[in-house]
Amino acid sequence: MTAQAVQTDEHAVVIGLEVHVQLETATKIFCGCSTAADDDEEPNSRTCPVCLGLPGALPVLNEGAVEAAVKIGKALSADIPERTTFHRKNYYYPDLPKNFQLTQYDAPICQEGELEISVEGDRREIGITRAHLEEDPGSLQHKGGSIDTAEATLINYNRAGTPLVEIVTEPDFRSPAETRAFLAKLEEVLEYLGVFDATRDGSLRVDANISLVDADEVDEEGAIDDSVLEDANRTEVKNISSHKAAEKALAYEVSRQKNAVKRGRALKTETRHWDESRGITVSMRSKESEADYRYFREADLPPLEVADWKDKIDIPELPDARRERFVADYGLDSEAASKLTSTKEVADFFEAVAEQFDPNVAATWVADNLLGELNYRDMLITDIEGRLDEFSRLIELVENDELTVKNAEEVVLRSMLDDGDDPETIIDREGLGKADDDAIADFVVEAIDENPDAVDDYHSGEDGALNFLVGQVMQKSGGSADPGSVNQLLREELDA
Amino acid sequence: MSSDHTDAGDDAHNAFITEATIEGDDDGPLAGRTIAIKDNMSTDGVRTTCGSAMLDEYVPPYNATVVDRVLEAGATMVGKANMDEFAMGGTTETSAFGATENPAAPDRVPGGSSGGSAAAVAAGAADLALGSDTGGSVRNPASFCGVVGIKPTYGLVSRYGIVAYANSLEQVGPLANTVEDAALLLDVISGPDPNDATTNDGGADSGYAAAADGDVEGLTVGVITDLIEGADDDVVETFQASLDDLEAQGAEITEVSLDSLEHAVQAYYVIAMSEASSNLARFDGVRYGPDTDAEGNWNEQFAAVREAGFGPEVKRRILLGTYALSAGYHDKYYKKAQDARAWVKQDFDDAFEDVDVLASPTMPVVPPKLGESLDDPLQLYLMDANTVPVNLANLPAISVPAGDVDGLPVGCQLIGPKFSEETIIRAASAVED
Amino acid sequence: MSDSPVDADEVQHVADLARVDLDDADADEFAAQFADILDYFAALDEVPEVDSDPELVNVMRADEVEEGLSQDEALQNAPETEDGFFKGPSVS
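Chains as they are written, first to last, in our numbering: chain B, 1 to 496; chain Z, 497 to 929; chain H, 930 to 1021.
Take these hints with a grain of salt, some might be off.
Restraint-style ranges between C-beta atoms, simulated for each label pair [to be verified]:
1) H:986 to Z:789: 41 to 51 Å
2) H:978 to B:325: 16 to 26 Å
3) H:981 to Z:871: 17 to 27 Å
4) H:1012 to B:202: 38 to 48 Å
5) H:1012 to Z:519: 36 to 46 Å
6) Z:796 to B:37: 45 to 55 Å
7) H:954 to Z:789: 16 to 26 Å
8) Z:549 to B:262: 20 to 30 Å
9) B:348 to H:978: 29 to 39 Å
10) Z:871 to B:141: 44 to 54 Å
11) H:981 to B:262: 34 to 44 Å
12) Z:789 to B:141: 19 to 29 Å
13) H:1012 to B:200: 22 to 32 Å
From chain B, some residues computed to sit far from chain H (all C-beta separations above 12 Å) [what the hints assert, rightly or not]:
14) 42
15) 44
16) 60
17) 77
18) 102
19) 191
20) 197
21) 230
22) 254
23) 292
24) 357
25) 373
26) 420
27) 430
28) 446
Now the stretches of chain H that chain Z is said to cover, found in silico as 3 or more residues with beta-carbon under 8 Å [as the list claims (entries may be wrong)]:
29) 949-955
30) 976-988
31) 998-1008
Honestly, the hints are just simulated from the structure, not real lab data.
Please read all numbers here as calculations on a predicted model, not as lab measurements.
Positions of the beta carbon are idealized from the N, C-alpha and C atoms, including for glycine.
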């Protein structure tokens, strides 16, 4: 288990992440406002006294958010303590309706977990220090400029109160590539749990802490002394919103810091803002010294005692385990297993199909044919989830020799997706039914009678003649005959 | 539902900030009764100022749960009652809308912070009133105005819609001219509320009005000696008379001492100010609040709005609360205050193993003259010594008129274990003549 | 007097944290008052550590949508709005 330490001459890179994920609950964390945002929704049209911070409003905790947090804890193999509480983080900012954020402080809902990642074949455990629940602030628009130059701020509280889970990792990353692998894996796991949607704008926000240390302070397993880390410079990089951006932003930072060191410049402990459009990090105006958040327990929210929920709540089989099981139980190769577990819904669909047919047949149909056609049409497996029966019927028709593979793949499946019709309807309409055996026997005789020269050529030993005759029979049958059996029948007739 | 929006000044004692009528339902236990609502309780469509310039024009788009309940019970609201600014005070003199005069004692304060509520009831401008009690703000004005006021067990009544001052300490409480009426109002407002996660089942299916039957045979009453020591002699004498009265009706009077009370006022103020500094952070002029001509960026405008909108007492408490929570001082002040609070709770719990109720004068003094109290904030805080321990311990207490000293009202405070509202109501009804 | 009096500078620092403007006269006045008050509060040092259990635990609501405020209601008390947004000064 070696760490992919990025060597910058004498330096190694140490990175830790703070990841905020929006939860896919129906309502906000402390009130009954919906979390569903239409693209064209009006600002400040999805609020209530609670999430707007009106005087007199009180928070009430959403049970769905707690369940989601417990599922996340379970998936990350984290501990859930006996008691967990909410605190106020007090600071002033226009996106905070109450000018404090409800979050968790010294008693978070999840502690000490881990997530395994794999980078270029190497596996590593990334330690998860904690995960906790908190509320999302509102959204700001800087009118007439950027955050530095705007003349006014426009505020929309529709997003305020959306449930967030903040996941904090140990400083275990040794390269930007590792952070990307981690975030991609984390997103996959969270989607499998049904608590997260990567396609939702702003659903993932990442802050990274990155330090440069002497290469010889890091041993071959990637371990490093706490005291060394404490003494090292630390740069916080904010405004990262995808796993790809994480790798880009941090790779840029590593370069920037490496160059600074080469030129003899000291590295500051500072906060930098990732500018996606320019591909650089920018130093944020140095704020007041270490903010004083004056944390204290939120008296309006009674504590949670949900340690036993970990046993009571079920989580689905996670992607890695499922992939391994597909290889072991279905005898699939790892590439097929990967394709078939790309999402939980694909995996579920595949297994439903595999219940009825040979797994390899099922795998070919789902991984190669179906996913390809869906992809081409920008469709998802969830679009046809209700049509599992039709899809199975299609496979059955092929397995029973009632439909050729070619017709099934190229005509019927595509029409099923494009027109929404079921296999039988399409087959009738297109006249694709395999001709019955008698009809084919007749076509064979006819072809022989109509093509005496070809017959003579066959008897003279010309293979091409047989193919010609097969083609004739195929034409007569409108393409619905099986070429293999036609070949067989012709030989029998001709050799007789 | 009509809403007559007029400024305070029409009523003789300045008990109201806004006189407005909201008709209640046709029938219910409060049908035909009028009620004054303290101006820190949200009333949909009716200005709610909390006695502050900060909310001079604020009109809530929703009702507090207790407002819904009293209207559904048939009461008609006649106005929003005057109060100390954001409930911070004991005389109603910090209101941005002028002081309220005590109807039972001319030229004297009505007490606070629910001074307008108590005065409205004492003057007959309303049959009933709702106040809020964070450190005595229902019991203090009840005592000074010669009416009845109840502070329920924490969590008995919903705080949804009540503008928060110190959320771990406060409760909405009824004020009325008789114990039975106060108890009836408590029946209406109490009970769990899904919009307030700190409410409990204590008040569900209550029968408080029926408990005002005066039957105190065998009731054991412990007089808290620590709270007698700091009180004026005249007040103690009047209070003693009500104890004799109870004894004559079959109650057994003993003495109790609670060591923790020595630190109660400090603990109360540190906790209350800390919570207040956070609860009042939302007043920044964005979603509500006065407009400002101030120039500058966000921080500068916030600071200007808050400087202009808050009075000196509110500023004082916000600053002290911020200080008590800040890095380096949190353990010294806030954490120690929580320890003191736990100690007070335990002390009361232990005492209730030996007695049914505890008693003390509600206030250590008679109502001071208007204008006399505001020079020394610390002196004002010390006046709360008899009432704050009850809030720290989350317990129920009632103030019932005990008599007067040269016409100046004196109140008797009876405290019970949690959820013992019926017991203290019963005992108070026996004190009442 | 207390052994570490709060001076006007410290009062200004706290006023910054609390976003409340104070002029020098106010800061001085508060500093004098605070000295007495904090001195009084210092008695809390004597209090022993006591644990207490919370009264209520696990109070939650179901993950179901409830009706909220209309845009008009949400904006009705704002001093300044623009196209449905709350409007305030710049952040920097």
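Hints versus structure:
1. At about 49 Å, the beta-carbon gap between residue 986 (chain H) and residue 789 (chain Z) stays in the expected band of 41 to 51 Å.
2. For residue 978 (chain H) and residue 325 (chain B), the Cβ-Cβ distance of about 52 Å falls outside the hinted range of 16 to 26 Å, so the restraint is violated.
3. Checked against the hint of 17 to 27 Å, the C-beta distance between residue 981 (chain H) and residue 871 (chain Z) comes to roughly 37 Å, which is inconsistent with it.
4. In this structure the supplied range 38 to 48 Å is violated for residue 1012 (chain H) paired with residue 202 (chain B), their Cβ-Cβ distance being about 21 Å.
5. A beta carbon spacing of about 38 Å between residue 1012 (chain H) and residue 519 (chain Z) agrees with the range 36 to 46 Å that was offered as a hint.
6. The hinted range of 45 to 55 Å is not satisfied by residue 796 (chain Z) and residue 37 (chain B), whose Cβ atoms lie roughly 33 Å apart.
7. Between residue 954 (chain H) and residue 789 (chain Z) the Cβ separation comes to about 22 Å, which falls inside the hinted range of 16 to 26 Å.
8. Separation of residue 549 (chain Z) from residue 262 (chain B) is about 60 Å and departs from the stated range, judged on CB atoms against 20 to 30 Å.
9. The hint said 29 to 39 Å for the Cβ distance between residue 348 (chain B) and residue 978 (chain H), and at roughly 54 Å that hint is violated.
10. Separation of residue 871 (chain Z) from residue 141 (chain B) is about 49 Å and conforms to the stated range, judged on CB atoms against 44 to 54 Å.
11. Between residue 981 (chain H) and residue 262 (chain B) the beta carbons are some 59 Å apart, a value that contradicts the proposed interval 34 to 44 Å.
12. Range check, residue 789 (chain Z) to residue 141 (chain B): Cβ separation about 24 Å, and the 19 to 29 Å hint holds.
13. Range check, residue 1012 (chain H) to residue 200 (chain B): about 24 Å between beta-carbon atoms, so the 22 to 32 Å window is met.
14. Residue-level check failed: residue 42 (chain B) sits 5 Å from the nearest beta carbon of chain H, not beyond 12 Å.
15. With a least beta-carbon separation of about 5 Å from chain H, residue 44 (chain B) fails to lie farther than 12 Å from that chain, contradicting its non-interface assignment.
16. Non-interface call for residue 60 (chain B) relative to chain H: violated, since the shortest CB-CB distance, roughly 5 Å, does not exceed 12 Å.
17. Listed as outside the interface, residue 77 (chain B) is consistent with that label: its C-beta sits roughly 24 Å from the nearest C-beta of chain H, beyond the 12 Å cut-off.
18. With 12 Å as the threshold on Cβ separation, the claim that residue 102 (chain B) sits away from chain H holds: the shortest Cβ distance comes to roughly 14 Å.
19. Remark: the non-interface label on residue 191 (chain B) is consistent with the geometry, its nearest Cβ contact in chain H lying 19 Å away (cut-off 12 Å).
20. With a closest Cβ-Cβ approach of about 16 Å to chain H, residue 197 (chain B) is found to remain outside the 12 Å limit, as its non-interface label requires.
21. Remark: the non-interface label on residue 230 (chain B) is consistent with the geometry, its nearest Cβ contact in chain H lying 27 Å away (cut-off 12 Å).
22. The Cβ of residue 254 (chain B) sits about 29 Å from the closest Cβ of chain H, beyond the 12 Å cut-off, so the non-interface label holds.
23. With 12 Å as the threshold on Cβ separation, the claim that residue 292 (chain B) sits away from chain H is violated: the shortest Cβ distance comes to roughly 6 Å.
24. Under the 12 Å C-beta cut-off, the non-interface status given to residue 357 (chain B) relative to chain H holds; the minimum distance is some 39 Å.
25. Non-interface call for residue 373 (chain B) relative to chain H: holds, since the shortest CB-CB distance, roughly 36 Å, exceeds 12 Å.
26. Residue 420 (chain B), annotated as away from the interface, keeps every beta carbon of chain H farther than 12 Å; the closest lies near 31 Å.
27. Residue-level check passed: residue 430 (chain B) sits 47 Å from the nearest beta carbon of chain H, beyond 12 Å.
28. Every beta carbon of chain H lies more than 12 Å from that of residue 446 (chain B), the smallest distance being close to 69 Å; the non-interface claim holds.
29. A stretch counts as covered by a chain when three or more of its residues have a beta carbon under 8 Å from one of that chain; for the segment 949-955 of chain H and chain Z the count is 4, and the coverage holds.
30. With a cut-off of 8 Å between beta carbons, the segment 976-988 of chain H has 9 residues touching chain Z; three or more are needed, and the interface restraint holds.
31. Remark: the segment 998-1008 of chain H is confirmed as covered by chain Z, as 7 of its residues place a Cβ nearer than 8 Å to a Cβ of that chain, reaching the required three.
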